[in-house]
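Trainee: Quick note, the sequences are listed as chains A, B and C, same order.
For the first sequence, the residue numbers in our numbering are 1 to 307.
For the second sequence, the residue numbers in our numbering are 1 to 175.
For the third sequence, the residue numbers in our numbering are 1 to 369.
None of the hints are false.
Subject to a maximum C-alpha distance of 30 Å in a straight line, what follows is the list of computed BS3-like cross-link-like pairs (lysine-lysine):
#: 1; chain 1: B; residue 1: K171; chain 2: C; residue 2: K126
#: 2; chain 1: A; residue 1: K145; chain 2: A; residue 2: K34
#: 3; chain 1: A; residue 1: K173; chain 2: A; residue 2: K186
#: 4; chain 1: A; residue 1: K20; chain 2: C; residue 2: K348
#: 5; chain 1: A; residue 1: K9; chain 2: B; residue 2: K171
#: 6; chain 1: B; residue 1: K142; chain 2: C; residue 2: K192
#: 7; chain 1: B; residue 1: K171; chain 2: C; residue 2: K348
#: 8; chain 1: C; residue 1: K52; chain 2: C; residue 2: K126
#: 9; chain 1: A; residue 1: K9; chain 2: C; residue 2: K348
The hints are simulated quantities; they were obtained by calculation from the structure and are not laboratory data.
Source: prediction; values computed, not measured.
Letter by letter, the chains look like this.
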Amino acid sequence: MNTYWLNIKYAVSSLYTGLKLSFRHILEANESRKPIGMADTTYFQQQTGIVTLQYPHQSIAVPDNGRYRLHNEIDDCIVCDKCAKICPVNCIEIEPIRAVEEIGKTSDGTSKRIYAAKFDIDMGKCCFCGLCTTVCPTECLTMTKAYDFSEYDVADHNYAFAEMTPLEILEKKQKLEVFAREKEAKAAALKANAPKEDTPGAGIPKPSFKPKLNVRPVAKPLNIEEKPADDAKAMALEIMRKKNDAANRSAQAKPVFRPLIKSTETPPSIDQEEKKEEKDPVPAPSKPIFRPRPMMKKPKDEGEAEK
Amino acid sequence: MIFQQVVFYCFAATAIISALAILTTRNVLYAAFLLMITFLSIAAIYVFAAAEFIAIAQIMVYVGGILVLMVFGVMLTNRISGAAVTTGNHHRFWGLFIGISFFTLICTVIIKANFGQLPWIMSGRETYTAPVGTAINNIGIKLMTDFILPFEIAAIILLLALLGAAFVARKPQKN
Amino acid sequence: MTTFLFFLPFLLVYTVFAVYAERKVSAFIQDRLGPMEAGYYGIAQTVADLLKLLQKEDIVPAAADRKLFLAAPIVIFTVVFAGFAVLPLTSGYAGSTAEVGVFYLLAIISLDVIGILMAGWGSNSKYALFGALRAVAQIISYEIPLGLSILCVVMISQTLDLQEISFQQGIWIHDKPTYPGLLQENYLFGLKALGIETTHIGGILTWNIFRMPLFFIAFIIFFIASLAECNRAPFDLPEAESELIGGFHTEYSGFRWALIMLSEYGMMLLVSFLGAILFLGSWNTPLPNMGVVKLAEWTSGSPGSVAGHLWGGFWLISKALILVLVQMWIRWTYPRLRVDQLMALCWKYLIPASLILLLLSGVWRLLMI
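Start from the sequences and build out the full structure, keeping to the hints where you can.
Mentor: Okay, here's the thing in structure tokens:
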């Protein structure tokens, strides 16, 4: 019997509290949140009132280091195919055409030796992990702060960055064919002592991930002809080495990804942030090996060992 | 007056037609919903007889209570057994025969009796006075004076039914 | 006829705005904005929704019982709309002047169950059937506290006529020709022994909720039970979007669904009107006469006059609409009850409380003589 009255008392008081609470929210609904971004100092100030924004009409400012839609600065791209290989969802499609000679330099001085006949990024597939921007040696592939890019047709999510016309592509292909035939003929003629084009790359230690300091060409045309599986393994190892390098030389390390704007200096705050982020992988340098798992053979043993 | 008569006959016809439909339909659920129409038409006829209270009580008790209970039962039975609940018409001849005989019997008796000329009805017509107050007022007063005993007995029977239902439905006690 | 002339258009317009209000109230309680795009501040949102609904295909599921399925929304709406027939709107405009108004409304509410059963059965869907079963169990159970709390008022007012009940709660108590046995004057809290006559003071002091202070509890019981009768949250088990996907109207679409929604909002309005009439002074003003400041007379015209119509309609409709708003406020505050909690609340708490109130009302009535 006692619980009966206690139940009533509890019900009345809790119902009253609930009504008071929701009524307070109705009263507070006369003010709305201002569309201010995280950067604003008053961002956390307004605790009451309506929180929704009328999005297309108002929107919160995206921070400058927002990482949403991918952008490739094709003039700086050396078509190394690393981004396409590391992509876990295969959203980048590249069709390279080897050039017969150096076709120019990127803005950081790296030689370009491959034409991009096709450089498509399907943002409909993209999972926004940012791995491609991490591996990009010339930092031409970046994530921009554009986030509102919904389309009526799913095909419109495919962004083509290559600028070559079909005619150009055909021309370059033919050139390459001619060159290859000539080379074959030459090779047949000077079989004995002709220097192989392939050899120089193999023995030389991998370039660090600081393309600006490193004038040496990073990508070799050879890479493209290699088998994907081997390539992936090599690349994974390379990443690992890079991470180790980064751990060793964290003081002089370069940011892994930097803003698109190359001329201006990076603001100090971002720099710090990046350094912090860069240090994160250090404690577990062996981890990145697992990432491209489906393509790799070596880690399998480890996986089984774990089981 | 003629309008009221038309409306009255409409309701009467609805009541009869829906009652016949109850007999002919094979779907028990349809029969139950048709019964609702019958009840409502009869309630309307009560209203024409200036017995609003009875009309509403009819809706309340029969439609709101009994009919819902019936539909509920049919629905539960049907869903549990999985088969549609239907009824069949058996012994049509004998049913029709007995029904029609009783109908003719009652009709003859009523016509023979010559209701309109019965002495107490004649005298009632002459001495009729409109009741003081409203019908409900009078019903209430009658219930609390002349018919207090039946009223109270009905209340006690209902209370007993309630207690019995609660007793049947309660959890079996331990020890 | 007056019902058709006033309440049918009123009901349609009210529903359009009530749905809008519901969405806005829910939005504000949840710190959202609600509809904002259609029209100024989203005011035309419901109209747009309604137009969309009317254009939609009238789908009848293949396995459904076609006749029952098609008839059910009409039955539901007819029943709810019939309830408006006996409502008095102003002191001189009373709809059907049936003496059994209150009783009639109770019957109407129980009739609503039939329509819901038809819809639930006719849909031939397990969700709809569950919804219908729950609706019936709930509505039948909550009819008892609802009826008992209404009976308390009837006991004090000594009449089933809604217009008579209205007249008793204000300064125009003498303006209705009535039969012997009814009160002709009001006292503070209904107690003649206090000796403070409020017949000519009127206002909130003569409302039923003040004439009999325990009616405050009766009103709360009435309000809770009426929420359950309307299948409104926190008693929306028959609809329960999250578990039954709409309950008895799961299978409905387009116009018929709109009709069911219309009846739901109509039911809300109906019970709000009933609550306002029975407890909150009906079309009487809440402002009392104070000495020479005759607020009650200034804010209500004499019965039958134009001012009487306007003031009466204004007060009654505002009271009913405020109650509807309170229903929405409650809906968006409380979570849904479980079935056993629902039944426990009704049978263990509301019914004993309303039975005690019934007894006390009888005692109080004797004190009022």
